[in-house]
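J.: Protein chains in written order, with our numbering: chain R, 1 to 265; chain H, 1 to 572.
If you're looking for bench data, these hints aren't it; they were derived computationally from the structure. Where hints are given, some of them may not hold.
Stated by the list, open to error - Chain H is nowhere near these chain R residues, computed Cβ spacing over 10 Å in every case:
hint, residue
1, Lys75
2, Ala91
3, Val126
4, Glu138
5, Lys155
6, Val195
7, Lys257
What the hints assert, rightly or not - Within a straight-line C-alpha distance of at most 20 Å, the following computed PhoX-like cross-link-like pairs (lysine-lysine) qualify:
hint, chain 1, residue 1, chain 2, residue 2
8, H, Lys90, H, Lys544
9, H, Lys464, R, Lys218
10, H, Lys175, R, Lys218
11, H, Lys204, R, Lys155
12, R, Lys229, H, Lys175
13, H, Lys175, R, Lys221
14, R, Lys230, H, Lys175
15, H, Lys248, R, Lys100
16, H, Lys39, H, Lys369
17, R, Lys249, R, Lys206
18, H, Lys47, R, Lys229
19, R, Lys101, H, Lys248
20, H, Lys522, H, Lys100
21, R, Lys100, R, Lys75
22, H, Lys70, H, Lys544
23, H, Lys175, R, Lys227
24, R, Lys230, H, Lys248
25, R, Lys49, R, Lys27
26, R, Lys221, H, Lys464
27, R, Lys229, H, Lys100
28, H, Lys204, R, Lys203
29, R, Lys203, R, Lys249
To be verified - Pair by pair, the computed Cβ-Cβ distance ranges are:
hint, chain 1, residue 1, chain 2, residue 2, range
30, R, Thr102, H, Gln60, 31 to 39 Å
31, H, Pro246, R, Arg67, 17 to 25 Å
32, H, Glu43, R, Pro241, 18 to 26 Å
33, H, Thr105, R, Glu106, 37 to 45 Å
34, R, Thr68, H, His300, 29 to 37 Å
35, H, Lys70, R, Glu109, 42 to 50 Å
From a predicted model like this one, the values you see are computed outputs, not experimental measurements. Note that the Cβ used here is the ideal one computed from N, Cα and C, for glycine as well.
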Amino acid sequence: MAEQSRKSGSINPEKPKDMVPIYIMGKRYFVPKTLTIMKAIEYAGYQLKRGAGCRAGFCGACGTVYRTPDSYKIKVGLACQTVVEPEMYIAQLPFYPAVKKTYNIEEMEPTAEAVLGIYPEVARCVACNTCTKVCPQELEVMDYIQETLHGNLDKVADLSFDCVMCGLCVSRCPAEIQHPFVAILVRRLYNHHLVPRSQQLAKRVKEVEEGKYDAEIKWLKSLPLEKLKKLYSTRPREGDPGVELKDNKIDWNDEVKFDYSGTNR
Amino acid sequence: MELREHPLYSPEMIESIKKVEATRPRRAEEARRGYRFEKMSLEEADKLLHQFHPDYIMEQKRELRVGPSKGELLNHEVADIFEAHSRLAKKLDEFSEFIKEPEITTDVLVIGGGGAGNAAALMASEHGADVVIATKLRLGDANTMMAQGGIQAAVTPVDSPAIHYLDVMGGGHFKNDPDLVEALVKDAPFVIQWLERLGVMFDKDPDGTMWVQHGGGTSRMRMHSCRDYSGAGIMRVLRDEVRNRPDKIREIEFSPAVELILNERGECIGAVLFNIETEEYHVVYAKAVVLATGGFGRLHIQGFPTTNHYGATGDGLVLGYRAGVPIRYLGAVQYHPTGAIFPEQIVGLLITEKVRGSGADVLNVDGEKFVFPLEPRDVEAAAIIRECAPVEKGGRGKGVRTPTGNYGVWLDAPLIDLLYGEGTIERKLPAMVRMYRRFGIDMTKEPILVYPTLHYQNGGLRIKPDGSTNVPGLYAGGEVTGGVHGTNRLMGNSLLDVVVYGRRSGTSAALYAKEQFRDFGKPTLQHIYEYEKELAEIGVPEDKISPVILPNYVPEHVRKKQLTSYYQGNLY
Ligand SMILES: Cc1cc2nc3c(=O)[nH]c(=O)nc-3n(C[C@H](O)[C@H](O)[C@H](O)COP(=O)(O)OP(=O)(O)OC[C@H]3O[C@@H](n4cnc5c(N)ncnc54)[C@H](O)[C@@H]3O)c2cc1C
Ligand code: SF4
Ligand code: SF4
Ligand code: FES
Chain R
1 MAEQSRKSGS INPEKPKDMV PIYIMGKRYF VPKTLTIMKA IEYAGYQLKR
51 GAGCRAGFCG ACGTVYRTPD SYKIKVGLAC QTVVEPEMYI AQLPFYPAVK
101 KTYNIEEMEP TAEAVLGIYP EVARCVACNT CTKVCPQELE VMDYIQETLH
151 GNLDKVADLS FDCVMCGLCV SRCPAEIQHP FVAILVRRLY NHHLVPRSQQ
201 LAKRVKEVEE GKYDAEIKWL KSLPLEKLKK LYSTRPREGD PGVELKDNKI
251 DWNDEVKFDY SGTNR
Chain H
1 MELREHPLYS PEMIESIKKV EATRPRRAEE ARRGYRFEKM SLEEADKLLH
51 QFHPDYIMEQ KRELRVGPSK GELLNHEVAD IFEAHSRLAK KLDEFSEFIK
101 EPEITTDVLV IGGGGAGNAA ALMASEHGAD VVIATKLRLG DANTMMAQGG
151 IQAAVTPVDS PAIHYLDVMG GGHFKNDPDL VEALVKDAPF VIQWLERLGV
201 MFDKDPDGTM WVQHGGGTSR MRMHSCRDYS GAGIMRVLRD EVRNRPDKIR
251 EIEFSPAVEL ILNERGECIG AVLFNIETEE YHVVYAKAVV LATGGFGRLH
301 IQGFPTTNHY GATGDGLVLG YRAGVPIRYL GAVQYHPTGA IFPEQIVGLL
351 ITEKVRGSGA DVLNVDGEKF VFPLEPRDVE AAAIIRECAP VEKGGRGKGV
401 RTPTGNYGVW LDAPLIDLLY GEGTIERKLP AMVRMYRRFG IDMTKEPILV
451 YPTLHYQNGG LRIKPDGSTN VPGLYAGGEV TGGVHGTNRL MGNSLLDVVV
501 YGRRSGTSAA LYAKEQFRDF GKPTLQHIYE YEKELAEIGV PEDKISPVIL
551 PNYVPEHVRK KQLTSYYQGN LY
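Here chain R stands alone, though its shape is the one from the complex:
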């Protein structure tokens, strides 16, 4: 019934070729069938302000829920990554109330208790798996929430890594959990406290602080352009056939070579 009246109320009731009807918040528009939901909304005449960020599936600004006539199911997707379907009913959900807590990563313990101290609602998870079903990134959302409870922060970090923080899971969770916020907190805790720091990196930072490379860079900066080009175009590339690098010295070109003995610097 409602369907019918909407159709007849449409300003452009004819079905143009290769176009499909969609309902943007209940109002019918014809759009080319190859478009993503995001482009279809724009095609219909909207200038998006909310609900579009990266336009490429990375920022989570464009969470969208929709239904199609063939099913009672609520479907979800990122508007920038989902192609329109005929007769789909679309509503964008660019913002779902969620409140990030503040904390000091350095002072926190990397434990389940600490995370629960910040987001106690995690303990309310009823394992309904709705969050997993709704995640456009196809993450095992329920699993990462459960692993949080079990204190397996490494697993949480791994399982949640591809989260774009769209909040669609938050919108459907009966336990009112804020999954993406839990995930980022755990990832930061895990990486700050439990993953070993790179020793190689620490060593290099120290070397730079001690000025170990200053002379080489100063020399490079002083080279005439022709020499710099020569040095550049003859530089060996790590991993190339026949290239064996012993160290990080600039000594591959006999004509343009840094003097490590320091005699003529």
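Since the structure of chain R is already known, use the hints to place chain H with the ligands on it.
T.: Just chain H with the ligands now, with coordinates in the frame of chain R:
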């Protein structure tokens, strides 16, 4: 699915995919022996660039007619935003009064909520400043969020900041500002460590050693990554940390800056923000201002599709330029060699360089290699354009035609699994695999079709190594600036740039606010009056307005009927 029945591909494409499959075992064998397609000499590369790179098409460019860098040769789309009226122009007298009363007063105003902006805000707050960060969309809706490949830093025993310096200079065709490059490569290991401590999840060995790999133009392996969500890995953490300090850093979303405010001494003392939802203007006074508005991909230069986020319209360039900051190398635009060109829905989106870095070949319609896969970006892009260009136009006519009439070349992703074992692609490139799967293509089994896409603004506002500009009180960092990458940035050096110069500009701004700032003086829009005078001399039509704020993708047939929307519903 059998290729033959694949609903997406045309018969021509299927024919070509079969050729790719036929040459794959041979190519795998060659790769195992360490054979790669020969790299181009500097001379060859130079010739290729002049013939096929979009930057060298002179009809697409013109000399800028106004402002401190008058005479710069820019693409029309870029010159257009400089040769345009201020959004305040029609009511300049009214706005001059309006700006006398600030709604917010702070120590440091950061404009732009991407990597550079958030890093600047954090560092400014570390140095005791009260910070306001204003951004166009949401905090983190930014190019930084989209970076996939990684971030460079010379940390291995066979690498050094000096060798990194050489790579950056060569990649940038030796046009780079040496002082900026020096700071970039020397800060690099330190900023990676800073990010590591903030809890960024870098790819690592169990003992903590970070994975590194090659990127285009690197001579040593120094690309650090967070799977293929490197930018998101960094951006999410920086944003989280900014939001952990609400008492020191106040964020204002959906409120792009539309003009800077100077005082009678020519010092920058704030900005006018525009709330794009309620359409109010807000005046913010700050002792120092940091511009971190990112790039200009959404200007769709020369009609190219882009990889950039929705708000990448070059606003900061216009703001800084009108306030008197010169630009450099803005005529050099980076086209990423591998943008998706098929299927239609993802045209222009980035196929990270890591696909090539991980071992995928670049192939023509015959399934044959024609270029070293990791040439500097401009060279790689030009080589792909040449391969696809028709023979009559000096090209080779070896592109693969898509059903909608575009041309592209193959990236043979399945070769990666063949070389390094099944599952490698899934593991290293989950974002890519997911994106293609959403549109019906399994890139672990099938090659993917690519063509260059508008990617990065190589040039920008002129800064010094401390992030300062020639306007006292005005700082800038990240993609909005120019000089550090010369005329061609290498992948992995801009995420680095963003963190290094975001940090530097934030620190410098806080120190300036603390030590050098005198008082706000008499806030004026005098620089806008003067700029408008120059515009009047060259006769700029009234409806040309910048900053652009958001591109408009409403189709022509609808726009024709939106008879009264000026910037409501049409921000351009
Ligand atoms: C798809 C993609 C992949 C990339 N991959 C890599 C990679 O692997 N490695 C690498 O090193 N680099 C990569 N880059 C480049 C790199 O990500 C960017 O150059 C860098 O992140 C820019 O950071 P930024 O902070 O300067 O700008 P952005 O991150 O773009 O942030 C700018 C911010 O300012 C906001 N803004 C714009 N105008 C205004 C205004 N008027 N007022 C207020 N706010 C405004 C924007 O909305 C945005 O939030 C990639 C870029 C893209 C697009
Ligand atoms: S939707 Fe909520 S309650 Fe259900 S499994 Fe997910 S986290 Fe648990
Ligand atoms: S986990 Fe939740 S917030 Fe993250 S991508 Fe999935 S649905 Fe979106
Ligand atoms: S707009 Fe960023 S995920 Fe869709």
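J.: So, against the hints stated earlier in the document, which numbers end up violated here?
T.: 4, 6, 21, 24, 27, 30, 31, 33, 35
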